[in-house]
Structure formats: C-alpha cells, structure tokens
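Enquirer: Listed below, chain by chain, are the residues.
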Amino acid sequence: MKKCFLSQFAKPIILVIISVLFSCTSNDADKEINNIKDTTFVNHSKDTKINDETSYVLPSPAQVAIIYKKSGLKYYEGLTISTNDIQKYANGNEYSSTFYLGMFTADMAYCMLNQQAENSKKYYKASKILAEKIGLIQVFSNKSIIERIDRNILKQDSIITILSNIQSDIEDILMQEHKEYISPIAFSGAWIESIYLAASVYEKSDKKDINYNLMFEQILIARNLIKSLNSIDTKDEFLNQVINDIQSIYDVFFELNSVKELVKDKEIEDVDLSKLSLTSSEIKTLIDKIKNIRNNYVSKK
Amino acid sequence: MSQKNNSMKSSSFNFKTKLLIVSLGFIMLSFQQENCDPMKLKKETQKELSPYKYDSSKLTKITYKNQPQFKEVEADLFIGEKYRIVINTTCAGKPIVVNIYNKDKEHSKRKLLYSSTQEPPDKKIFIYECSWTKRLYINYEIPADSSNSNLTGSILLMVGYK
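If you read the sequences in order, they're chains A and B. For the first sequence, our numbering assigns the number 1 to the initial residue and increments by one for each residue that follows. For the second sequence, our numbering assigns the number 1 to the initial residue and increments by one for each residue that follows.
Next up, chain A with everything else stripped away, as it sits in the complex:
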C-alpha cells in the first residue's frame, strides 16, 4: 500500500518539485547572462548577415607596463602621481574614479616591475581607496598580495604573475557586478599614465635608447579605445574630456610629417613602425602634448 502510494503520488510530486527547482535555476542563470552589459556597438556594413556587430579587446594596463619594462624602461623617482593626494581623486563620480584607478594601477605596475617594494604597496593601498568608490574593493583587500609583493619584488616573473592575477580579479568582479562597461575607462587612465611615463623616461634618459616604437604602438591602440569609450551610453562631461584628450594625442601623432610620409590615410595595418623615425622636434611636440594632458588630470582637482 505504501509502495503504491509512493509510485502514484510521491514520484510525480518529486519530479514536479525537481522541475520547478531546476527551472528557477535556469531562469536565474539566464537572467545573469542577459544582465551583463554589452559594450559592443553596431557597425553598419555591407555584409548580408544580420545584426552585424564589432566589439573590442584592449590590452590590460599590466601588459602595457610589462612590455615597456621589457623594452628597457628605467625607473625615475618622482614621475608617478603622489599618493598623498589620493582622496582628491576619489571625490568624483564613477567614471572619474575608474579613470584615476587606471592611472594609479599603471603607476603601481611601473613600481612593481622596477623593484620598488615600498612604492608598490603605497600604490596598491591608494588603488584600494579608488576601487572602494566603484565597488571593486574586494580586489584590493587581499592582504596576501602585499605579502607577495614583499616576497617577490626581485622576481620579475612572479611580479608579472601578481599583476596578471590582479587584472583577472578586477575583470571577475566587473563581470559579477555587471560593470564591464567601465573596463575601457580604467584602461584609458592607464593608457595616459603609461604613455606619460614612457615619454618622461625617454626625455630623462641620456642615451635615448628606449624603444619608442612602443609609444607609437600604444598610440595606435587609441583608435579602438576611443570606439570602446564612445560605446558607453552616457553624456558624462569627464568621460567626454577623456575621449577628446586621447583623440588629440592620436591626431597629433598622425599630423607629424614623418608619420604622414609613412602612413597613408591612417591605414596602419601594413606599416612597418620600425621604419618610423621622428625628428627631435616631432618627438618634442608629441611628448609635450602627452605631458600636458596627463598633468592636467593630476593637477586640475
């Protein structure tokens, strides 16, 4: 009798419960995927297939710093932003705090890759204050990172791994919080700060032996960086200023005579950048532009 009851009533009920439970899980997962903000933009082309879209993958600030270091970028005291003024950079909105977080993480990477343990920790702590403003505090609350910086500061490969892990952690949180749209904003801060560091080191070094082609490559990335920033649905004044400033560095580069001779119609795909040799006055024009823009962000608050 008991067996009969089970087979007639309990089993279907259990199945219904399982179905309902699992169908709820699938809805939640679906909702999670659908909630993720997509920063793609529609690019109308001649292709016959519908819903034609283009999106962009930008290099991480950590990778930019690592590549500069590999090319011989030396450390000079006083080039990075003072961490004493960190609070003033955290006073703005989500966009400006994200931008400054990008700048500070670029400085942190510059210090870490140049074996500056104390300064690295200062920038890590400063980044935490900015990260808190935009809901990323978990990434910079990991005490083991500070210990790992101390323990591995002389081991380049371990430092690169730490930087790579921080980048991955940032993206994890952005994914969880559905804030992937701020990723290009952080990269724009890192883009300006790292190109400023490269320009300043070039200016300070006597031998001028830094591979400044990397600066050109970084400028070329601005094209897709600007497209990514433009795809963010906002009229924020600060963000518009960032876009205009990055565009102006990009334009100054392509207006240099040596660049015009080598690159036609900004078509860079087939251009061998190693053949690009700027005159000293062209380099000065470019460096002055970069320094002017970066210093405005550091001093205007």
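Hints are computed from structural coordinates only; laboratory data are not their basis.
When the alpha-carbon atoms are kept at most 27 Å apart in a straight line, the in silico DSSO-like pairs for lysine-lysine are as follows:
(1) K227/A - K109/B
(2) K69/A - K134/B
(3) K88/A - K235/A
(4) K70/A - K47/B
(5) K74/A - K82/B
(6) K275/A - K162/B
(7) K179/A - K43/B
(8) K74/A - K134/B
(9) K125/A - K88/A
(10) K155/A - K43/B
Negatives, chain B to chain A, calculated, CB over 10 Å:
(11) K47
(12) P95
(13) S131
Computed from a predicted model, the values in this text were never measured in an experiment. Where is the CB? At the ideal position from N, CA and C, for every residue including glycine.
With chain A's structure known, arrange chain B on it following the hints.
Expert: Just chain B now, kept in the frame of chain A:
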C-alpha cells in the same frame, strides 16, 4: 472494467513518462546553464591559457534569430609579443564558426589566418597563437535558429601573453 483500469494505467504511465522527460530536459538545461555562468566559463577558458599569462577577455552574447548573424571582435596586440587566443564556444547554444583574419571585413586583401572549420566537429574550444601582428579580427559566424525558442548563448574570447 479491466480495460478501463489498463487504459488509466497507460494514461498515468504516459503522463509520468512525459513528466520525466520534461524534468530531465529541465535538469539538462539547468546543468548547461550552470556551466554557462560567465565566471565558470572564464575559469574553464583560463585553464587553456597556460603557460601564457592572462591579459584580457571578452564575453559576446548571442540572441539567435531566424537569419544567420555575424559578429567581429578586434583584438589590439603589440608587435613581436607572443599571444595565445582562446575562444570558448561551449555555451554558444549552437555550433559557431570562428574565423581569424589579419584585416577587417571591409578590407579587400584580408587574409584568413585560422578557421575552426579545420577542427574536429565536436571541438568547442579553439586556440590560436601568434606574434608580429598589431591587430587580429576574430569573426563569429552564428547560424540561424528557426525554432522560435528565443535561444541565447555566449562566446568567451581570452587573450594571453608570454
């Protein structure tokens, strides 16, 4: 009477079978969705990146339509650096063709560098390694879905460097 009982038993059996099939369907769907959590998808993809260091990733969402679609991802790279690109289509919902080009779709001289059509049909994670390029253009050819089931999916692209 006995015929009626048999008929009732048969009807009950059919109902239970249907319920079981529906339940199994839900279980399988939820299992797939569970694995398609973006974080899990990222972790799974990251395993394929080693020994390259993690650089960045891009999740592309798909909503199937009754016509084929085409999406392009542009990846900026540094010349001379070694890169591994991992494209995970496990959660795409349907088989996707992945093509990698050296130039964008408007360019007449663009060259196909990689195509997933060269891979075994059951393969869902595609790997491409390169250096000496400034930019890669990764195309997703998404098939049509005429089942009107509002099918969705996602593709994760991950970039690693050495």
